[in-house]
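One-letter residues, chain by chain:
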Amino acid sequence: MATSVTPIARARSIRRAREAARAADRNSVLLLLPVITLLVVGLGAILSASSVIARINEGDQFFYFKRQVIYAVLGLGVLIVATRIPYRLYKRFAGLIFAISIAGLAATLRFGAERGGSQRWLEFGGITVQPSEFAKFAVIVFLAAALSRKEEYLGRFLHFFWPVAGSLGFTAVLLMLEPDLGTTILIAATSIAMLLASTTPLRYVFGLAGLGTMAALGSALYQPYQKARILAFLDPLADPLGYGLQPLQSLVALGTGGLFGVGLGASRARWSFLPNAHTDFIFSIIGEETGLAGSLIVVALFVVLAIVGISVARRAADTFGRLLAVGLVSWLTFQALINIGGVVVVLPITGVPLPFVSSGGSALVANMAAAGVLVNIARVSARGEGAAN
Amino acid sequence: MASRRKPGEARLIALGVAFTMAWVGIGFRLVRVQGFEAAEHEDRGEQQRVRAEDLAAPRGTIYDRDGVELAVSIDAVTVTVNPSELKAPGALARLLAPKAGVPRSVLRERFTKPGSQFAYVARRLEASDADEIRALVEERDIAGVYFQTEAKRIYPASDLASQVVGFVRDDDMEGLEGLEVKYNDVLAGVPGQQSVERDPYGNPIPQGESFIDPAQPGADLITTIDREIEYAVERILERALAETNAISGTVVVLDVATGEVLAMATAPSFDPNAFSEADPATFRNRAVADVYEPGSTLKVVTIAAALEEGVISSRTVMRVPGVLEIGDKEYTDEGRHKTRKMSVAEIVAQSSNVGTILIQDLVGNKRHHQYLSAFGLGQVASGDLPAESAGRLENYSDWCDTTCGPSTAIGYRVDVTPLQMATVFAAIANDGIWVEPHVVREIISSDGSRERYEPTERPVISETTARTMRRLLRGVVESGTGSLAAAPSYTVGGKTGTTEKFVPGEGYSEDDRIASFIGIAPIDEPRIVVAVVLDSPHGETEDGSDLRFGGVSAAPVFAQVAEAALHRLGVPPDVR
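As you go down the protein sequences, you meet chains A and B in turn. Counted the way the working numbering counts, the first sequence spans residues 3 to 391. Counted the way the working numbering counts, the second sequence spans residues 8 to 583.
It cannot be assumed that every hint is accurate.
[Said to hold, decoys possible] With a cut-off of at most 25 Å between alpha-carbon atoms, the simulated SDA-like pairs for lysine to any residue come out as follows:
1) B:Lys94 x A:Ile58
2) A:Lys152 x B:Glu16
3) A:Lys152 x A:Ala101
4) B:Lys94 x A:Ser274
5) B:Lys94 x A:Glu60
6) B:Lys106 x B:Glu284
7) B:Lys94 x A:Gly61
8) B:Lys94 x B:Glu139
9) B:Lys508 x B:Ser255
10) B:Lys106 x B:Phe154
11) B:Lys336 x B:Trp406
12) B:Lys94 x A:Arg57
13) B:Lys94 x A:Asn59
14) B:Lys336 x B:Cys407
15) B:Lys94 x B:Arg111
16) B:Lys159 x B:Val75
17) A:Lys152 x A:Gly212
18) A:Lys152 x B:Arg18
19) B:Lys508 x B:Ala394
20) B:Lys508 x B:Arg399
21) B:Lys159 x B:Asn89
22) A:Lys152 x A:Gly97
23) B:Lys106 x B:Glu157
24) B:Lys120 x B:Ala104
25) A:Lys152 x A:Pro203
26) A:Lys68 x A:Gly267
27) B:Lys106 x B:Tyr127
28) A:Lys229 x B:Arg36
29) A:Lys68 x B:Pro213
30) B:Lys159 x B:Ala285
31) A:Lys152 x A:Trp164
32) A:Lys152 x B:Ile20
33) B:Lys94 x B:Ala104
Quick caveat, the hints were computed from the structure, so don't treat them as lab data.
Take these sequences, add in the hints, and give me the full structure.
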């Protein structure tokens with residue numbers, strides 16, 4: 003590369019490298035800002051939202067809050083560790099990671115605990131984990147690895163087809179057996195975003211997106227409870243105490259919050275009006291207690307996360323890092339959009355938690371790991387290792 | 008710079024733009040939900056949370072004149088269940104039946120009604136009984152049993168003045184009889200309202216906004232009833248009913264100077280705490296609701312009018328024939344006599360019908376009617392009591408020229424209540440000033456303000472005429488038809504009355520009489536008027552007197568009541 007470089011060109015190159023390093027450092031700070039803020043906002047919201055249900059279920063109004071504090075500490079540890087692990091290691095171990103993920107999903111289907119009509123949890127001596135959270139990461143890593151290796155051949159259908167079918171397809175089938183449509187849609191959307199960011203021809207990307215949409219719709223119409231959720235989304239008042247209950251009560255909570263909220267700890271919805279107030283509907287409680295002002299701040303934090311995430315992808319040192327970054331930021335963004343979309347009733351309810359905010363251990367730890375990996379990608383690019391591509 | 012773009016740069020930017028636009032879309036949706044449509048959603052929330060609840064106003068207390076409680080509201084406990092929460096309804100029914108005083112089968116039926124969310128175990132239990140049930144339920148950790156406070160009206164003096172006090176309906180505390188109904192609005196107060204935010208299980212939300220418009224408690228009534236006199240009068244009246252075989256009887260004791268009803272008794276009586284088990288006929292306050300023809304007691308108005316108008320004096324002597332034929336009627340005196348000369352005093356003392364009619368003729372119908380009206384006949388006497396009758400005094404224009412005046416002069420063709428007649432005598436006792444009788448002395452509002460009742464007054468006859476009348480009435484007891492009215496410790500005066508009982512639809516009874524005595528005690532310095540009216544006394548006394556006559560059956564009741572009441576009032580005896 004550097005056979006005949008003029009001093010001016012060298013100086014320019016050094017300046018560019020310094021600029022890139024500054025931008026990457028800025029990016030890692032800008033990534034951590036929304037993540038940590040959302041984590042803190044989530045803890046505050048859980049403290050309020052879970053107090054009633056915690057007292058009813060566990061006899062201690064701080065039960066879920068205390069548990070979430072432990073998860074948050076754990077998640078911060080995972081984030082710090084993830085920022086230190088060179089992301090290229092994931093490329094090397096992509097196959098292994100994916101195999102573990104598939105094993106986890108298979109074990110869930112075989113041994114998993116059933117809750118609310120679906121089998122999504124694995125229990126290890128009192129600790130419950132959700133393998134699907136790990137599966138999200140595994141599919142992203144596997145797809146990023148495969149797409150970056152095949153970068154030159156993606157114009158050919160089979161080179162496009164096998165990695166996608168092998169990672170997304172296999173995972174989706176296992177997830178739909180649980181069944182977990184929300185996570186399936188999320189992984190599919192993330193995969194499609196990654197394909198878009200790769201050199202895959204747009205016709206394949208949009209073709210897959212079209213197929214995926216049809217499959218999701220077909221599945222939704224085939225599963226009676228999914229159909230009911232879609233109908234309830236279209237007209238919550240038709241079944242106000244059944245499937246329409248959550249959309250309706252969510253709107254009530256948001257409307258009650260109005261512009262500036264009813265005040266911290268003053269949510270009415272948490273008083274057994276809004277089911278899952280501290281998990282899937284935590285955003286309703288934030289909207290109720292802090293109003294439009296608060297809910298727009300949360301939205302703004304996710305916008306920052308998305309833009310900085312894309313920026314990290316753009317500055318990534320290699321194609322794998324770039325696709326990995328796109329996958330991770332798409333995961334977090336799609337999950338937040340699907341969750342909040344359900345809360346504000348522009349999407350049907352699919353039962354996915356709000357990243358960094360909702361109560362729940364597996365999801366939080368997985369999200370924190372994703373943030374950590376993003377930070378690592380940003381840091382590596384800052385050290386000017388872009389040439390290693 | 009374009010040359011430096013990595014492959015797919017445009018696609019990445021497109022992805023970033025797509026994410027941002029999606030979030031902007033969410034943002035717009037939030038502005039709509041939390042801004043423009045917020046009120047609509049908030050309303051729905053309030054509808055499901057905010058419950059408007061009535062706050063019962065405590066009902067005022069009814070006291071006697073000295074502050075003794077005659078009717079009072081207490082907190083009782085109503086026990087209910089939510090049958091859908093019961094795990095073992097049959098066992099619970101067996102457990103609670105003896106405590107609730109309800110048959111087990113009835114409870115089981117209530118507890119097992121399909122789809123039922125609410126059933127009574129027992130309403131308005133005393134706190135101690137409810138506590139026993141509460142202990143049982145807590146000991147066995149039974150879910151679905153609830154306790155709530157409900158007001159209960161009790162009458163501590165049981166049957167004392169029960170027709171005056173009345174009673175309320177258990178369900179809603181609405182007055183049904185007596186002062187309880189007449190002063191219902193005053194006693195009831197104004198229910199308040201509260202709105203509370205509640206969760207779906209009915210528990211109040213601590214952070215919820217609550218609004219309380221407190222109930223305005225009902226006012227208390229202080230009556231004019233003297234519990235001691237009332238009690239004595241009721242015992243005397245009960246005994247008199249037994250001794251005279253009367254169907255019913257009533258006694259009114261009036262304070263002559265103030266118009267206050269010191270006692271108002273009707274027998275047979277009832278216990279308002281258990282009114283549902285009593286004969287509804289006993290609820291009627293006969294002192295104000297029943298009318299009768301007063302007979303000879305009304306002669307006091309005829310004589311007083313004649314004295315006041317100066318057509319006779321107390322010394323006038325009349326030539327009284329044995330029979331007086333007017334129109335189609337023959338008027339005679341009790342114990343027929345030939346034409347004889349009688350003083351006014353004798354006419355009153357012997358209760359001469361003919362003599363009174365002759366005196367009435369001197370007064371004339373028009374003036375006679377004016378006095379009857381001035382003494383309060385044909386008008387509701389107090390207005391404090393429900394179902395109070397105005398009696399009947401025909402308009403003067405409807406009076407005939409023949410028998411109307413004469414018959415009215417001796418107390419027929421006029422219907423009166425015992426209270427009206429007592430008030431007539433009270434005006435004579437009160438030096439000619441008629442004072443409106445009343446039962447409620449003072450209303451004490453919940454804010455402590457007191458409203459004392461000011462009775463209306465009017466002069467009816469002069470002080471001189473009143474004094475003359477009292478002398479004549481004293482003669483009735485000392486040497487006339489009312490000798491049995493003489494009280495041991497006090498000089499008294501009064502007038503006997505005996506009329507054939509008029510049975511609506513049948514006419515005058517052959518055998519039944521309304522026997523009455525109305526008198527003033529002490530006669531020289533009057534304090535009280537006592538009116539005694541007995542319905543259909545029968546039989547004879549030990550010495551063979553006919554109990555159908557007021558002078559025989561009612562006069563002794565008067566004597567006992569006057570004696571007891573004056574003692575109670577601390578009036579020094581004037582008989583040595």
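Evaluated hints:
Proposed proximity of Lys94 of chain B and Ile58 of chain A is supported: the alpha carbons are some 20 Å apart, at most 25 Å. Taking the CA atoms of Lys152 of chain A and Glu16 of chain B, the gap is near 18 Å; set against the 25 Å cutoff, the hint holds. This hinted pair checks out: Lys152 of chain A and Ala101 of chain A have alpha carbons roughly 20 Å apart, not beyond 25 Å. In summary, the hint linking Lys94 of chain B to Ser274 of chain A is supported, as the alpha carbons are separated by about 24 Å, within the 25 Å threshold.
For the given pair, Lys94 of chain B sits about 23 Å from Glu60 of chain A by alpha-carbon distance, which is consistent with the 25 Å threshold. Taking the CA atoms of Lys106 of chain B and Glu284 of chain B, the gap is near 22 Å; set against the 25 Å cutoff, the hint holds. Of the pairs offered as hints, the one joining Lys94 of chain B and Gly61 of chain A holds, with about 23 Å between alpha carbons and a cut-off of 25 Å not exceeded. Distance restraint check for Lys94 of chain B and Glu139 of chain B: the Cα-Cα separation of roughly 21 Å lies within the 25 Å cut-off, and the hinted pair is therefore satisfied.
Proposed proximity of Lys508 of chain B and Ser255 of chain B is supported: the alpha carbons are some 13 Å apart, at most 25 Å. The suggested pairing of Lys106 of chain B with Phe154 of chain B holds, with an alpha-carbon distance near 14 Å, which does not exceed 25 Å. Between Lys336 of chain B and Trp406 of chain B the alpha-carbon distance is near 16 Å, which keeps this suggested pair within the 25 Å criterion. Between Lys94 of chain B and Arg57 of chain A the CA atoms are separated by roughly 24 Å; this keeps the pair inside 25 Å, and the hint holds.
Annotation: proposed proximity of Lys94 of chain B to Asn59 of chain A holds, straight-line Cα distance about 21 Å (limit 25 Å). This hinted pair checks out: Lys336 of chain B and Cys407 of chain B have alpha carbons roughly 13 Å apart, not beyond 25 Å. For the given pair, Lys94 of chain B sits about 17 Å from Arg111 of chain B by alpha-carbon distance, which is consistent with the 25 Å threshold. A C-alpha spacing of about 18 Å is found between Lys159 of chain B and Val75 of chain B, which places the hinted pair at or below 25 Å, so the restraint holds.
With a C-alpha separation of about 23 Å, the suggested pair Lys152 of chain A and Gly212 of chain A falls inside the 25 Å cut-off, and the hint holds. With a CA separation close to 18 Å, the supplied pair Lys152 of chain A and Arg18 of chain B stays within the 25 Å bound. The hinted pair formed by Lys508 of chain B and Ala394 of chain B meets the criterion: a straight-line CA distance of about 21 Å does not exceed 25 Å. For the suggested pair Lys508 of chain B and Arg399 of chain B, the alpha carbons sit about 16 Å apart, so the restraint of at most 25 Å is met.
Between Lys159 of chain B and Asn89 of chain B the CA atoms are separated by roughly 23 Å; this keeps the pair inside 25 Å, and the hint holds. Distance hint between Lys152 of chain A and Gly97 of chain A is fulfilled; the C-alpha atoms sit about 15 Å from each other, no more than 25 Å. With a CA separation close to 18 Å, the supplied pair Lys106 of chain B and Glu157 of chain B stays within the 25 Å bound. Simply put, Lys120 of chain B and Ala104 of chain B have alpha-carbon atoms about 17 Å apart, close enough for the 25 Å limit, and the pair holds.
Proposed proximity of Lys152 of chain A and Pro203 of chain A is supported: the alpha carbons are some 13 Å apart, at most 25 Å. For the suggested pair Lys68 of chain A and Gly267 of chain A, the alpha carbons sit about 16 Å apart, so the restraint of at most 25 Å is met. A distance of roughly 13 Å separates the Cα atoms of Lys106 of chain B and Tyr127 of chain B; the hinted pair therefore holds under the 25 Å criterion. About 23 Å separates the Cα atoms of Lys229 of chain A and Arg36 of chain B, which keeps this hinted pair within 25 Å; it holds.
About 22 Å separates the Cα atoms of Lys68 of chain A and Pro213 of chain B, which keeps this hinted pair within 25 Å; it holds. Proximity of Lys159 of chain B to Ala285 of chain B is assessed by CA-CA distance (about 19 Å); at most 25 Å being required, the pair is judged to hold. Straight-line distance between C-alpha atoms of Lys152 of chain A and Trp164 of chain A comes to about 11 Å, which keeps the hinted pair within the 25 Å bound. For the given pair, Lys152 of chain A sits about 22 Å from Ile20 of chain B by alpha-carbon distance, which is consistent with the 25 Å threshold.
The hinted pair formed by Lys94 of chain B and Ala104 of chain B meets the criterion: a straight-line CA distance of about 17 Å does not exceed 25 Å.
Going down the numbered hints, you'll see the structure goes against none, and every one checks out.
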